[in-house]
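Engineer: Residues per chain are reported as follows:
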Amino acid sequence: MYWPIDLIVLTFVIFCAIAAIVVKDLLATAILFGAYSFMMCLLWAVMGAVDVAFTEASVGAGVSTVFFVAAIFRTSRRTKD
Amino acid sequence: MQTIISIKPLLAVLVSLFVIPVLISSSGKPNVRESWIFVSGVIKFLIIFSMLPVILQGNQIVLTLFKISPGADIAFRVDALGMLFALVASSLYIITSIYSIGYMRGLNEHGQTRFVSFFALALTATIGAAFSANLLTLYLFYELLSLSTYPLVVHHQDAKSRASGRRYLTFILGTSIGLVLPAMIYCYHATGTLEFAPGGIFSGQLSKPSATVLLLMFVFGFAKSGIMPFHSWLPAAMVAPTPVSALLHAVAVVKVGVFSIIRVVTGIFGVDFLLSFNLGAWVATIASITIVVSSCIALTQDELKRRLAYSTIGQLSYIVLGVALLTPKGMTGGMLHIAMHAFGKITLFFCAGAIFVATGKKYISQMVGIGKAMPITMAAFFMGSLSIIGLPPTGGFISKWYLVLGTLEGDHMILLFVILTSSLLNAAYFMPIFYKAFFCTKEEAMFGAKIVEAPMMCVVPLVITALISFGLFFLPQPFLDLAGLAAKGFLGG
Amino acid sequence: MKFLGFIVVGLAGAILLYGTGDFPDWGDPYSPASLHISKDYIEKALDQTKVPNIVTAVLADYRGFDTMFETAVIFTAGLACFLLLRDFREKKERFYRHTPTGVILHVKAGKKILDGGKEFEYMDKDWVPSDLIIKTVCRILIPFIQIYALYVVAHGDFSPGGGFQGGVIFGSSLILLAISYNLKTLVKRISEKMLGVYAALGVLIYLGIGVICMLMGGQFLDYAKLAPLIPFDSNHIRALGMLGIEIGVGIAVTAVMAIIYINIVSEGRHDEGL
Amino acid sequence: MDNYPVLIVVAPLLAALLAGFAAWIEERLSYPIALLGLAVSTFAAFEVLMQVIFFGPIRYEMAGWPPPMGIEYRIDLLNAMVLLIVSGIAFLNLLASYESVNQEIGDRTGSFYSIYCLFVTGLLGVTATGDLFNLYVLIEITSLTSYAMVAMGDRDRGALASLNYVFIGVIGASFYLLGVGYLYIQTGSLNMTDVAIILQDYHGSSTVLTAFVLCMVGVWIKMAFFPLHAWLPNAYSYSPVVFLRVVAPLMTKVMIYVMIRLMITVFGFNYIFKTLNFADAVVILATVAIIFGGVMALAQKNLKKMLAYIIISEIGYMVGGVWMGNQLGMTGAILHILNDALMTFAVFLGVGNIIYQLKDVDFSNLGGLFGKMPWTMAGFVLAAFSIIGIPPTCGFFSKWYLIMGAFEKGAYHFAIALIISSLICAVLFFRVFEICFFPSSSQDNKQKDVHAPGKIEEAPVSMLIVSGFVSLSLIVVGLFSGTIVNMIILPFLT
Amino acid sequence: MTDLLALIVAKYNYWLYVILMMIGLYAMIAKNNLIKKLVGMNIFQTAIILFYISIGYKKNATLPIIENVHGTGGGHIYAIDYINPLPHVLMLTAIVVSVATFGVAMALAVRVYQRYKTLEEDELRMRLSEK
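Keeping their order, the protein sequence lines are chains G, Y, F, V and U.
Adding 36 to a residue's 1-based position in the first sequence gives its number in this note's numbering.
Adding 8 to a residue's 1-based position in the second sequence gives its number in this note's numbering.
Adding 84 to a residue's 1-based position in the third sequence gives its number in this note's numbering.
Adding 90 to a residue's 1-based position in the fourth sequence gives its number in this note's numbering.
Adding 2 to a residue's 1-based position in the fifth sequence gives its number in this note's numbering.
Please note that a few of the clues may not be correct.
What follows is a set of in silico ranges between Cβ atoms, one per label pair, in the way DEER data are often shown [claimed, not checked]:
no.	chain 1	residue 1	chain 2	residue 2	range
1	V	HIS293	Y	MET9	55 to 63 Å
2	V	ASN455	Y	PHE74	34 to 42 Å
3	V	ASN367	Y	GLU417	52 to 60 Å
4	G	VAL58	V	ASN392	34 to 42 Å
5	V	ASN455	U	MET128	23 to 31 Å
6	F	ILE91	V	PHE145	48 to 56 Å
7	G	VAL58	F	ILE91	41 to 49 Å
8	F	LEU88	V	GLU547	43 to 51 Å
9	F	LEU88	U	TYR80	46 to 54 Å
10	V	GLU547	F	PHE172	26 to 34 Å
Lysine-lysine pairs mimicking BS3-like chemistry, simulated, CA-CA at most 27 Å apart [claimed, not checked]:
no.	chain 1	residue 1	chain 2	residue 2
11	F	LYS268	U	LYS119
12	G	LYS60	F	LYS86
13	V	LYS462	Y	LYS168
14	F	LYS309	F	LYS128
15	V	LYS462	V	LYS391
These are computed hints drawn from the structure, not numbers from a lab.
All values derive from a computational prediction rather than experimental measurement.
Note that the Cβ used here is the ideal one computed from N, Cα and C, for glycine as well.
Sequences are here, hints too, so could you generate the full structure?
Structural biologist: Below, the structure is given as structure tokens:
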């Protein structure tokens, strides 16, 4: 494994994580959270955990985000922080 | 001395427990219910009485039920002291059950089934405590007695009984959990046993300060004995119906407290141990203070039952005092006083109840001239108060005689003085009642010449107990022998 | 709260960082974690189970018991969402469209609800008219997604994937159907009852295989004991057992994903949603 | 039959699934299915306990793989006892619950029974397993089911209480998982006995220390040990009473079991009490927990909330007893697992019966209850005595051992806290009794004769029988606690 | 200096997981919005998964899927050539658990919103104290 890739992905992961919890719109949070999950999935794939990465891609970036959006659809996208 | 294994103690304890379901199921039929109580009381008494000869020969009856951990089982052991106490309690239970029929029906009280059921439970606990072989079993029945008495104390279910019930529980449960339980566990931890042994269970594990603390924890912890400053539950508990005050708060409950103190002093610490640290003096001092102070307070009480209650507090401390003397005569006198005081005091309570049933009066100031209206009751009252004061020809004289001998034997002049002073005080708070009842002018009299005795069921028991008090002066043998036997056992041969 | 948060987080972080001090280096092939049992797994799994994907072998066989409870967790989640959200009451107001004319009727609370008539179509409150492209694209895509999902389930022994991933993908295809058409379409195709039954059935397949192994005289989930039942390929019996449970997992996951989605998006009314 | 160990767990899981089926096909079948499943489980647990007592610990290898590679169930005296407690109480509770489920849950009883069985499965699995990660998965099953159940109760506040419970529960489980990760990185194994053997060489490692702290914090959160208890009162008081009756006695107790298991089997006493030295600090924390729980309970005006704080206090008993680090304290703690489970169950059975009739257990509602529900209250009183610690009920005897343990260690503060807690419990319960014994003030005005015998409005017979049975068992267990200690606890500890 | 660099290279993955975990935990504790808390919870869980995956990684090793099964390849399989599969297995389970929790939590959030019409904690507290 080429370590710069690892490092870049890691940076993205942390960036997405912070962004997801500071952004002031829940729908944006949902999308950033999806991105976070996808970055995480990449990271794991890089580390050779293909099964886990596959799962995270389908669950974290896929279904979870859908649940998230569905819940926001039924509640509200407003957030104070 | 032989040790006999027998199931009799268990039977004696369980009789009044097993009768409870029967009582509940016959709650609609008062006559059936009452006869069951009577029958169970008699059976109980007979079982206990049947063990008397064996005990008088100096033997012991034992029975182990459950092994909890080594040295602390649930077990029964009948010895002279336990026998003495059980005999008093069970015989008075029969008489009280007759009396309570008259009293409860006379006043048309509510919840009679509940009342008699918890009464039976309380007696189970009393006999259990009397026959306990170790501190754990004793504690078990002690707590059972506290709890089963609560519904009796708050029987009236009004604001006043609520307050009294609170005070009752605060003192009784608070001290038993807060003081006795840790002290008991500490004893077990230090020695690995809780069996009552004639010479105590300690052999050099305790220093003097810790032994003192432990002893005081026990003495104050068994607050049922009415030792000051944990005495104020007893006057409060007088809101209960009179049969409760009579049997439980003059005999069973309070005597279990005293009995427990005797057990701890003789069986856990041991006479020699206490003598070596001179700890008896502590207990004797506390008891003396209680005697004098409570007698003085009794003088100021106008409500008859409260005055009797303070009198009881003082008399209980006689027993503690007698045992704390740690001399043969003193201990005999103390233990004998369990029986003598019981018969005397129960008579007085019966009388107070009879007066209440017949006239509705509770206060002494309202009883001027009552002797003319209720001659039998007041005659019995006279007899009872003589016994409490300790004058012949009543049983009370004998126990007090032994107490006085005990103080002389131990050369405690101050204690002798205490006993004599308090006897005077006793006379001072009892005699005026009697005097006002009979010897008053026409203008003062609050009652007409018509005789208004309470129902038969009330009067007969109090006459019986008064006669027994009288008879014990001439025939104190069974109790005296038992007390002497017990004292001999505790003093090690 | 923020301050407290900082303290707690700082404390937790400090503990965790302290713990990393004695870690073996990252990627060290001789770290204890890589030597003890994982060595056995890598070296023996193919031999013992005939499954080349070691992850699947460990997941479904060596630690198959874990995976059974993992499936039970999924089942629990579905059940929980149903219990929490499902609302059997009728919705108060509804919208109907008269197909020939395009007129929209708003039926208010307590009014009679139109039903049956072919001209009237029940529609969502937030209905958006122009969805033709989306509908068509999704209609083409969904079957492929589903076939892919089946492939993932079936090929889990040899490549990344397995029952769970396949199930999620299959479930996603159902969700896609609901999003591209409307929720009604999905609910009509697969009724709530079927989803509930499938969810339980999936776990039951897993558990059932385990119990059958037990009845055949082995330990729970000991696939080798299934050999008498499947006489034709006793060499690969463990692999077949794994396939069986993967199918069970797939069914359960599919159903549960759909249940969760439907309940959340329609607040438990199963009528309209995204 | 050799498969009893796994049957304990599989039977309720199977019942959960079949009940889930039945919920869609014929809802009335769910109840008998669930009942049958739990009955089988209880029977199996009993058989296993007997086997363990007479023939020593049982190992059961899942899928036939030998331990470090496969998952094993390792059942010794301690978990055999806990298994029987869990399955027995769950079964009895279900037996008593038919009417209250119909009353409280209404139109989705089938799913309710299913999730109930899943919850029990989780608890049983946690208790039986010998694998660290398997434990995590099963903890999550119990947690997920409890989240759902808590939200089922109070329609208004249940969901919010449950959501807060989710946050805390996830943190707890994740800490535990992290701890397992730290253990794994150091040892490379997940099997408890295997890990324990390897760990002996790593006693000085900071990783192991962190793993231990993380595991303990995780388990403490799950058991609501002070100061990590904040989720419990709300979560418990808003959940439906049927669930409350099983979660309150079992959840915390099973977590105590997990703590004991981790301490004894995985990390080992030598590591915890010789290498590390914060046992004293934990005992002090337990002391604070006991007092805190009691004091907070005093401030409550609702029976459910009051009992919830008493549970927090009881957790302090057990944690303190375990961390005493001597045989007596440990005996007390283990005995208290049994006793506390039984007495909490008994007390909540009483509460359940009251709620069935009154819907609400605010103190203002309880007036005159002794007259209305004499049998329920009789059971309740016995349970309360046991919690206070009055002999011969079982609560007394475990307290006895705990205090002895405290004396032996010289932790007098803990002993004093236990005594004070007994006193506080006495105050708490006698306050309740007083309210129930005296006619309520509103009745005073309406009825002229307050002493007129009130109409008896008892709970259904099935509930009464179970409640009576459990309450009497408190005395029986108390009287035979010597036997239990000698047969189960002491052989386990030595 | 080289020591430090070596330490960083050897451990940075673990440190980053700690940072991620702290972000998640902080969001769970300090955020006001319930959904934000849920996101924090998920970040927290994925951080743990990252940690486990990091445990499993081996330098110069390949995926834990054995090649040449059908061919003649055979031969002995050396553990050092394959990445540790066990953490992957565990984390598959953990992901499943986390998505299940996430689903249930979302359902609960919807319920809370149905009842109180808000997801902000301070507003919820106000609603609760109003009653």
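Engineer: Between HIS293(V) and MET9(Y), does the beta-carbon spacing fit 55 to 63 Å?
Structural biologist: Distance hint for HIS293(V), MET9(Y) holds at roughly 59 Å.
Engineer: Starting from the hint 34 to 42 Å, judge whether the C-beta atoms of ASN455(V) and PHE74(Y) obey it.
Structural biologist: Holds, since ASN455(V) and PHE74(Y) (Cβ atoms, about 39 Å apart) stay within the stated range.
Engineer: Would the pair LYS462(V) and LYS168(Y) pass a check requiring their Cα atoms to be no farther apart than 27 Å?
Structural biologist: Holds. LYS462(V) to LYS168(Y) sits at ~23 Å (cutoff 27 Å).
Engineer: Check the hint pairing LYS309(F) with LYS128(F) against an upper bound of 27 Å on the C-alpha distance.
Structural biologist: holds, 19 Å
Engineer: Is 46 to 54 Å a correct range for the gap between the Cβ atoms of LEU88(F) and TYR80(U)?
Structural biologist: At 51 Å between Cβs, range holds.
Engineer: Falls inside 26 to 34 Å, the C-beta gap from GLU547(V) to PHE172(F)?
Structural biologist: Roughly 31 Å apart at Cβ, these two residues keep to the hinted range, so it holds.
Engineer: If I claimed the Cβ atoms of LEU88(F) and GLU547(V) lie 43 to 51 Å apart, would that claim hold in this structure?
Structural biologist: Holds, since LEU88(F) and GLU547(V) (Cβ atoms, about 48 Å apart) stay within the stated range.
Engineer: Take the C-alpha atoms of LYS268(F) and LYS119(U), compute the straight-line distance between them, and say whether it is at most 27 Å.
Structural biologist: Holds. LYS268(F) to LYS119(U) sits at ~26 Å (cutoff 27 Å).
Engineer: Per the hint of 48 to 56 Å, is the separation of the Cβ atoms of ILE91(F) and PHE145(V) within bounds?
Structural biologist: Taking Cβ atoms as reference, ILE91(F) and PHE145(V) lie about 52 Å apart, which means the hint holds.
Engineer: Could you grab the alpha-carbon distance between LYS60(G) and LYS86(F) and see if it respects the 27 Å cut-off?
Structural biologist: Holds: LYS60(G) and LYS86(F) sit about 17 Å apart, inside 27 Å.
Engineer: Against the 27 Å threshold, does the CA-CA distance of LYS462(V) and LYS391(V) hold or violate the hint?
Structural biologist: OK: LYS462(V) and LYS391(V) at ~21 Å, within 27 Å.
Engineer: Lying within 23 to 31 Å: is that true of the beta-carbon distance ASN455(V) to MET128(U)?
Structural biologist: holds, 28 Å
In summary, the structure is inconsistent with hint 7 from the numbered list given earlier, while agreeing with all the others.
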